[in-house]
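Going down the list, the sequences are from chains E and Z. Here the numbering used here is used: the first residue of the first sequence is 4, the next is one more, and so on. Here the numbering used here is used: the first residue of the second sequence is 4, the next is one more, and so on.
Derived by calculation from the structure, the hints in this document are not laboratory data. Certain hints may be false.
The list cannot tell twin chains apart, which means a pair is met if one copy fits it or any two copies do.
[Said to hold, decoys possible] Think about it this way: if two alpha-carbon atoms lie no more than 25 angstroms apart in a straight line, the pair counts; the simulated DSS-like pairs of lysine-lysine are:
hint, residue 1, residue 2
1, 323, 126
2, 330, 257
3, 193, 86
4, 9, 61
5, 85, 193
6, 256, 9
7, 141, 257
2 protein chains.
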Amino acid sequence: MQECVKVALDAMGGDNAPSEIIRGAIDAVHMRQDIQVILVGQQDVIQKELSQYAYDEKQILIRQASEIIETAEQPVMAIRRKKDSSIVVGMNMVRQGEADAFVSAGSSGAVLVGGQVIVGRIKGIERPPLAPLIPTEKGVSLLIDCGANVDARASHLVQFAQMGSIYMEHVVGIRNPRVAIVNIGAEEEKGNALVKETFPLLKECSGINFVGSIEARDIPQGAADVIVCEAFVGNVILKLYEGLSSTLIGVIKKGLTSTLKSKIGAALALPALKNTIKSFDASEYGGAPLLGLNGLVVKIHGSSKAKEVKNAVIQCVTFKEQNINEKIKSNIITTEK
Amino acid sequence: MQECVKVALDAMGGDNAPSEIIRGAIDAVHMRQDIQVILVGQQDVIQKELSQYAYDEKQILIRQASEIIETAEQPVMAIRRKKDSSIVVGMNMVRQGEADAFVSAGSSGAVLVGGQVIVGRIKGIERPPLAPLIPTEKGVSLLIDCGANVDARASHLVQFAQMGSIYMEHVVGIRNPRVAIVNIGAEEEKGNALVKETFPLLKECSGINFVGSIEARDIPQGAADVIVCEAFVGNVILKLYEGLSSTLIGVIKKGLTSTLKSKIGAALALPALKNTIKSFDASEYGGAPLLGLNGLVVKIHGSSKAKEVKNAVIQCVTFKEQNINEKIKSNIITTEK
Numbered sequence: 004m005q006e007c008v009k010v011a012l013d014a015m016g017g018d019n020a021p022s023e024i025i026r027g028a029i030d031a032v033h034m035r036q037d038i039q040v041i042l043v044g045q046q047d048v049i050q051k052e053l054s055q056y057a058y059d060e061k062q063i064l065i066r067q068a069s070e071i072i073e074t075a076e077q078p079v080m081a082i083r084r085k086k087d088s089s090i091v092v093g094m095n096m097v098r099q100g101e102a103d104a105f106v107s108a109g110s111s112g113a114v115l116v117g118g119q120v121i122v123g124r125i126k127g128i129e130r131p132p133l134a135p136l137i138p139t140e141k142g143v144s145l146l147i148d149c150g151a152n153v154d155a156r157a158s159h160l161v162q163f164a165q166m167g168s169i170y171m172e173h174v175v176g177i178r179n180p181r182v183a184i185v186n187i188g189a190e191e192e193k194g195n196a197l198v199k200e201t202f203p204l205l206k207e208c209s210g211i212n213f214v215g216s217i218e219a220r221d222i223p224q225g226a227a228d229v230i231v232c233e234a235f236v237g238n239v240i241l242k243l244y245e246g247l248s249s250t251l252i253g254v255i256k257k258g259l260t261s262t263l264k265s266k267i268g269a270a271l272a273l274p275a276l277k278n279t280i281k282s283f284d285a286s287e288y289g290g291a292p293l294l295g296l297n298g299l300v301v302k303i304h305g306s307s308k309a310k311e312v313k314n315a316v317i318q319c320v321t322f323k324e325q326n327i328n329e330k331i332k333s334n335i336i337t338t339e340k
Numbered sequence: 004m005q006e007c008v009k010v011a012l013d014a015m016g017g018d019n020a021p022s023e024i025i026r027g028a029i030d031a032v033h034m035r036q037d038i039q040v041i042l043v044g045q046q047d048v049i050q051k052e053l054s055q056y057a058y059d060e061k062q063i064l065i066r067q068a069s070e071i072i073e074t075a076e077q078p079v080m081a082i083r084r085k086k087d088s089s090i091v092v093g094m095n096m097v098r099q100g101e102a103d104a105f106v107s108a109g110s111s112g113a114v115l116v117g118g119q120v121i122v123g124r125i126k127g128i129e130r131p132p133l134a135p136l137i138p139t140e141k142g143v144s145l146l147i148d149c150g151a152n153v154d155a156r157a158s159h160l161v162q163f164a165q166m167g168s169i170y171m172e173h174v175v176g177i178r179n180p181r182v183a184i185v186n187i188g189a190e191e192e193k194g195n196a197l198v199k200e201t202f203p204l205l206k207e208c209s210g211i212n213f214v215g216s217i218e219a220r221d222i223p224q225g226a227a228d229v230i231v232c233e234a235f236v237g238n239v240i241l242k243l244y245e246g247l248s249s250t251l252i253g254v255i256k257k258g259l260t261s262t263l264k265s266k267i268g269a270a271l272a273l274p275a276l277k278n279t280i281k282s283f284d285a286s287e288y289g290g291a292p293l294l295g296l297n298g299l300v301v302k303i304h305g306s307s308k309a310k311e312v313k314n315a316v317i318q319c320v321t322f323k324e325q326n327i328n329e330k331i332k333s334n335i336i337t338t339e340k
C-alpha cells in the first residue's frame, strides 16, 4: 500500500451524524486508495453503521471517543472539559502526528477554538482564519476570514491574504489568484479604520496579486479569487449568501407555480433549473479549511451529507500533497513581536 | 389649493438624469395634488425636458443650479466648492425651509455629507443613518445604517434602532416593529466588541421592540423589521443583496435555456417569474431616507428610473404628514455630552 493521507473524521458531529458522515468516508475510500480515514467517536455506534458497507479495512479505522460536544455548548469550556469528545480526540491526533487532517461537521466554535488551542498555530501566524469557498458566476472564490477572529488587526488581514493566495493557487489551482479586500467603495481612501490601515499594507505585500478593493455587489460575479475581510464581515457575507440564495430559490419556485401557464413551464424547466441553482449553493463546496495551523483542520457545514464529507476528505489529500503548510511557513510575513 | 408638501428634486443627479428624474416628477404630481416638486438644476436643460409634458404649473417649479457634483468627486470638497451645484442648492432649500425634503439620485457621498453639513442634525442626534428598505419574503425590512458612518459607537446604534422603529411604524405602517442587531450568532455573548457593547443597551432601551440578534442568513426571510448595524456591515449587506440577486437571476435565466425542454418551459414561465424576481429587487424600493436631520433628505439609487423617483417623492408626503422629525425629537435618547 502506498503512503496514505490520514484523515481523522468526526463521526459524531453535524445534523446528519453518524450515518451521512460514515457514508462519506466510505465513498472517499472507494474513490481513492491513498486515503485512510480514522472515524472518531462512539465505537459501537460507528461499528453498527460501518457494518452496512463493504470496504478495505486498512482504509477505515475507528478511534473511540465517548463524548460529543453539542452546538449550543460554550466552545472554550467544552474543549476544556470534554477531553474524550470526538473533536478533542481528533484534534489531538493531528497534534501528535497520528493524522494529517481533522474534518468535522460539529460545533463551529469548538472546531475554531480546538484548532488554536489543541492543534496550535504555525509559528508566526497571528490568527488562523476560516476560509470557505463560495460559488460565483465564474467558479469559486475563497472568503477569508469567516471564523471567530472578530475585531482583527491589519497585520492579521495581510496574513489572510497571503495564506488565501497559497491555498487558491495550490489547492484550488487558480494561477496568480487575484486578492481583494472587502470595502464600501472602490477608491483607496474609502473604508473603515481597519480597511484604510490594511489597504497600503496589501499594496506593498510581495508575493500576492492584490487588485484593490471589492464591493460586496461584485463578489457573486467572481471579481476576485481571494476575498479578504475581518471575520464579522466574512460571516455576514457567508450567511447572507446562504440565506439569500435559499430565499430567492423559494420565491422563484413560488413564482413559477403562480399561473397555470407558468406551472406547465415550470414542470419542463425545473430539472435544468435545479442543476443551475445547485451550482450556486454555498454548502455544496463543503470544506472550509482553518489555515495556519500545525496540521489541517477542515470545518464542514453542519448540514453536510455524504457528498460534502467525501469532498472534504479528498481535499485533505491535495492539501498534503501540495505541502501547503510548508508553503505558508516559508512565505508568510510575520509581524509578531 | 390645499397645503402642499414641497419636494426639492435633484434634476441633474443619477445615471438617467435629467429625463427619468423629470418624468418621475411629472408622474408624482399627476398622482397627487398635494405635492409641489421643485426641480433643481440647469434651467435650460430642465425646461427642454419639461416641454414634453402637460402638468399643472403650480405643481412643478424650477430652481436654477449651474453646477453638477460628479460621483467620482471627493464629497467633502465637492460640497464645499460647488456652491451652485444641484445638491448644495437643494439642501439649502431644505435648510431654509423653502422645501420640506430633498431627493437625489446623485453622488451618495455628497448627499450624506451635504445632509450633515448643510441641512444639519436634529439636536441630540449623534449621527444621521442612511436607511434603505430591503425586500424580504414577508415584505420589507429597514436596514439601518448603510451610510457613511463607519466605525460607529454603541450609542449611535441605539439611536439608529429608535429612529428606525419610528420610521417603520409611521411611514411603512408596521405596528410595533421588531428590532434586531446584526450578529454572527444568536446568543448574547456572541459578536464583535461593538455588538457586545450595544446588545445590553438595546435590551434596556424603552420604546423599541428589541428581539435580539439576527444572523445575516435570516434577513431575507424577514426575521426582523428594523435591522440595526454599523454602516460598513450595512453597506456589505445592501450591496451583496443587489449583487447576489442579479447574479442569481442571470444564472437562473441561463439554466432555463440550457436544454430544449427547459427553453420551452422558460417561455411559458418567464412572465410569472419576472414579477416574482422584481419583488426581490432592492432597487425597486427606491428611496433611502437619511434620518435625524432638520428636514428630510432621501437618497435614491443612481440607476433610478421614473418609477423610483415618483415613489421617493410620494414617500416624502407620508414623512411630513406623520411628523417623523417631531417624533424623533421627542423619543430619542441622547447621550451626547
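When no copy is named, should residue 141 and residue 257 be tagged within, between, both, or neither for a Cα gap of at most 25 angstroms?
between (27 angstroms within a copy, 13 angstroms between copies)
Given a CA cutoff of 25 angstroms, do residue 85 and residue 193 count as a within-copy pair, a between-copy pair, both, or neither?
Only across copies: residue 85 and residue 193 sit 21 angstroms apart there, 46 angstroms inside one copy, limit 25 angstroms.
25 angstroms Cα threshold - placement of residue 257 relative to residue 330
neither (49 angstroms within a copy, 39 angstroms between copies)
At most 25 angstroms between C-alpha atoms: does residue 9 with residue 61 qualify within a copy, between copies, both, or neither?
within (11 angstroms within a copy, 80 angstroms between copies)
Please sort residue 323 with residue 126 into within, between, both or neither, judging by C-alpha distance up to 25 angstroms.
Classified as within; 18 angstroms inside a copy, 61 angstroms across copies.
Classify it for me, residue 256 with residue 9: is the Cα-Cα distance of at most 25 angstroms met within a copy, between copies, both or neither?
neither (43 angstroms within a copy, 43 angstroms between copies)
State whether the alpha carbon distance between residue 193 and residue 86 is at most 25 angstroms within one copy, between copies, both, or neither.
Between copies only: 24 angstroms across chains, 47 angstroms inside a chain, cut-off 25 angstroms.
Checked against the numbered hints above, the structure breaks hints 2, 6 and satisfies the rest.
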